[in-house]
Amino acid sequence: MALTNEYIQQKLKEKFGELVYNFEETYGMLSFEAPKDQNLKVLQFLYDEESLQFRFLTDLCAVNYPDDAGRELAVVYHLHNLTENIRIRFKVFTAVETPDVFTASQLFSSANWMERESYDFYGVNFVGHPNLKRILNVDEMDYFPLRKEYPLEDQTRIDKDDEMFGRG
Amino acid sequence: MLAQQQHNIKLPEGSIEKETTTLNVGPTHPATHGVFQNIMELDGERVVSTEQTVGYIHRAFEKLAERRPLYQITPITDRLNYCSSPINNMGWHLTCEKLLGVSTPKRVDYLRVIIMELARISDHLICNSIVGVDTGAYTGFLYVMQYRELIYEIYEEVCGSRLTTNIGRIGGFERNFTNTAFTKLEKFLKEYPKVLKEFENLFTRNRIFMERTQGTGGISAERALNYGFTGPNLRAAGVDYDVRVHSPYSSYQDFNFTVPVGTTGDNYDRFLVRNAEMWQSLSIIEQAYQKIQEFKGADAEVYHADVPEYYLPKKEDVYTKMEALIWHFKIIMGEVEMPKGEVYQAVEGGNGELGFYLISDGGRTPFRLHFRRPCFIYYQAYPELIQGGMLSDAIVTMSSLNLIAGELDA
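These protein sequence lines are chains A and B, in that order. Position 109 of the first sequence, counted from 1, bears residue number 109 in the working numbering, the numbering being contiguous throughout. Position 100 of the second sequence, counted from 1, bears residue number 100 in the working numbering, the numbering being contiguous throughout.
I should point out that these hints are in silico values taken from the structure, not numbers from a laboratory. Keep in mind it's a predicted model, so treat the numbers as computed, not measured. Beta carbons: idealized from backbone N, C-alpha and C, even for Gly. Be aware that a few hints might be false.
[Said to hold, decoys possible] Interface residues of chain B toward chain A, partial, derived using beta-carbon atoms under 10 Å:
(1) Gly44
(2) Thr230
(3) Val239
(4) Lys314
(5) Lys315
(6) Glu316
(7) Gly334
(8) Val343
(9) Tyr344
(10) Tyr357
(11) His370
(12) Arg372
(13) Phe376
(14) Ile377
(15) Asp409
Only chain B is shown next, with the shape it has when bound in the complex (with noise of 0.2 Å):
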């Protein structure tokens, strides 16, 4: 008390005589993954509260998107979950394919659950040895590592980018997939499914991991609900809530597949669901492959629906037909008239329920842009799940959630 009267610092009332620690987490720790800042109340080891802190990346995405065409704003959702691109870009495909009354070929809509399902897989892989790398097992991280980047190379020579993809386009895909895309993807499946048994084996049942993730950063399926979660981290905590089973979107319907639940929410159960969804995922992208060989003839060369008002003509066409002309002029000029309406379309992110609200009035940008991003409404519970636990544990908590800071600050 003394010594703050002689130099005149202005500290918070109270806080010389607390008992309890003052530790600032963040922004850019190595520990966070990405820009989350946590005021932390600490009683010794023991975390007492928090305060987070969001918003160090945010970027406007929703007043950006208001004086944009729908084709403009497929690069923005790429920069939401950034893990996993391809399912924001189709998120966003499928919003306005809803609002312009666009259906898509059935090869269309495989093609894009085999590219959604490795964007689920990167991402969950990402998370899950992240999980790892912060109890202290660097191994699998780098071990899962070679692999994502096989994803990466599957997603370049669809779309000719790696991690802010911008695939795929209103309709379809810019192109058709060429056989050194399908080729990378049957090595993905022949030799992913050893490597993630791997990964499982380094993990499930060691002790280390299971000590330090079990019991920690639970929550009740109840106050999950009430918190708004969704995703792998709602599963976890026991309700088998999916968007692709739900409410299916690109034919999702036509697959068998399984939704992992856990029991207790808690760390080792968000691991475990992440890990079943991936085995899912594979079995997915394995259904997807076969359905798409089955297509014959001309059938099997479908890319995009036939939609000349919002889909990009071929170039060559640009230059040779007159019609085809027009629309490109139009397209790139963004002159394509959208009907009047609101339209809320969700698709299954990679954490959770990623949702597209979007309002036209007729215009040709959106009137307004909602997104629903899935761990800007669970990062909430944060504090109460970390509360009472040790510090180390809430850095585990952190990356267990995967939070992913563009998503979060959008």
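Bound conformation, chain A alone (with noise of 0.2 Å):
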């Protein structure tokens, strides 16, 4: 039986219910959200279950919503089920200000380097990560470059606000 997103949350659901929300389906890929204390849960049950084996983590990133009140930031797993070839997108959301989520790094060697990229960008605290310090950055560095506070270009210009990148 292939493997479809329907059968996907089906099973999600079963398994923890309204644990998991925020089912979308866009541009063919399956993407839900969970809270963040049950991010390991979630992974290692799609890595275990007989029928769905995520096993491959195709990438890991983080994103910054600073509008978003107690969800700015968000970790972003990219999952394959390389022998049924599809491919889902789970989210995790976390406060800025107590910026912890739980390693996959147990899970997944590959996720590893890009939790520390995660951390070193946007300061997500990978709990329980065996190495956890920056790796793109300099170690000096004191803050999270990558987060939408600090703007790209020169603060003193003013050609190049916001409403010239149709925000705002």
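Quick one: dock chain against chain with the hints and give me the complex.
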């Protein structure tokens, strides 16, 4: 039986009930969310469950939504079932004041550096990570540069405000 | 211990009593082919452990991309894996097209396939010949370089530049392929097989090369998957995962080709997989070229999709037609509206699955753009690959992984 997005959604609903939500299918890929303390349970379930077998972590990255109070930081996992060839996107959100998310590096060795990268740029604190330190930036850096509060351009310039980019 | 106290030099605890040697390799070392630093603990000549430092050429591409309209991000992607820039460019165009809902004509797809497969050949060519250089065989490297030059000349005919190509646009190519480009392609298709055969003759059954590469830097399929390996490195370990087959893009489903796999995942298997892939790429290019010749009449001149919102009009039209002038202005000023949404698009890059995760909030620039850079992910496995082996094998392992500093550090 070919694995479908509906089946994955149904399986997750059966196992986690109300703890998985915001199911969406954008451009063919199933996307859903869970509370941040559930992330390892969801990942482990997707990994172990015989009919799902999402055993390949394609990508892990963080996103900053500064206007979404209490959900400023997102950690996005892209998982791939290589035998059935189906991808899903799984997100957890966390407040910027308490950016603690459990590490997935025990489950996927590949998560190690990707989590360090997310820490480096967004300050997501991966609890239980074996070596959580900056990876691409210098160790002395004392801020998280990809957060939206640090604008790219020189702040004294007025010709490049958000309005020029279709926002605000 | 005494010397330490007398000169007041602060050495790490236990660094004098220990029985291993600390060796710093890189960041600018002739044997690392890029900016890679490794601090190795050696027991004699055997590697006990190593710690990698990355990020020496980090240029904040993800941050830059948040303030640029889509077409200005193409040159940024050039600088990821600069041995096969066209694949990165095409991957980026495909991502934009997926978000914007642009579908490309078949001829454009086939032209893209030709360019991408040429890029794959030039990427594998560099990697394999560098493995040769690191094992003491310089000849192969010099011999194949002529043909990488020919590939670069084809790029130059199509887009005007050679290394950082900025090739193609959203919807197609900036101009049609010239006759010179096709003549050069024919020359390449005619002459390259002989050269590749000779290159294989130099290495594949070469006793010294085999003894240097077999059984070093190996990894099991299970560990490779857990480490997020993709591309030739994963296939050398025996997993036949290829994005071109699993999620075809740019009409790859129209071509017949096989996915070569290895068994042990060691340096020798990686070398063989890349060589076999070059033969497959050649066959794909031949098929694509044949398909292109089958287009007749107006179809044979198509080189972009009909999407005036995203594709720049001809310059003479800009001067004479109102509509074209408006589109030209809007595109150049980045006033193209993007739909809200999240897209993940992957392409089979030279060294693995190159992914683009684009979040659009309806603004004119990406809200967030993340590059899934294959070698950043699989370079993590390097300490495990070289542990217990000789230092000289560690160097070969590094080059056979096809690490590209530009992609690693983004």
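The hints, checked one at a time:
The beta carbon of glycine 44 of chain B comes no nearer than 27 Å to any beta carbon in chain A, farther than 10 Å, and the hint placing it at the interface is violated. Of the supplied interface hints, the one on threonine 230 of chain B holds, with its beta-carbon coming within about 8 Å of a beta-carbon of chain A, less than 10 Å. At a threshold of 10 Å, the smallest CB-CB gap from valine 239 of chain B to chain A is about 7 Å, leaving the interface hint in force. Interface hint at lysine 314 of chain B: violated, since its Cβ lies 27 Å from the closest Cβ of chain A, which is beyond the 10 Å cut-off.
For lysine 315 of chain B, the shortest C-beta to C-beta distance to chain A is roughly 25 Å, which exceeds 10 Å, and the interface hint is violated. This hint is violated: glutamate 316 of chain B has a C-beta 29 Å from the nearest C-beta of chain A, more than the 10 Å allowed. Contact between glycine 334 of chain B and chain A, as hinted, is supported at the beta carbon level, the nearest pair being about 8 Å apart and thus within 10 Å. Restraint check, valine 343 of chain B versus chain A: the minimum CB separation of about 5 Å is within 10 Å; hint holds.
Restraint check, tyrosine 344 of chain B versus chain A: the minimum CB separation of about 6 Å is within 10 Å; hint holds. This hint holds: tyrosine 357 of chain B has a C-beta 6 Å from the nearest C-beta of chain A, less than the 10 Å allowed. Contact between histidine 370 of chain B and chain A, as hinted, is supported at the beta carbon level, the nearest pair being about 4 Å apart and thus within 10 Å. Interface restraint check: arginine 372 of chain B against chain A, minimum CB-CB distance 4 Å, threshold 10 Å, status holds.
Given hint, phenylalanine 376 of chain B at the interface with chain A, holds; its Cβ is 7 Å from that chain's nearest Cβ, closer than 10 Å. With a cut of 10 Å, the hint placing isoleucine 377 of chain B at the interface with chain A holds, because the nearest CB-to-CB distance is about 5 Å. Contact between aspartate 409 of chain B and chain A, as hinted, is supported at the beta carbon level, the nearest pair being about 6 Å apart and thus within 10 Å.
In summary, the structure is inconsistent with hints 1, 4, 5, 6 from the numbered list given earlier, while agreeing with the others.
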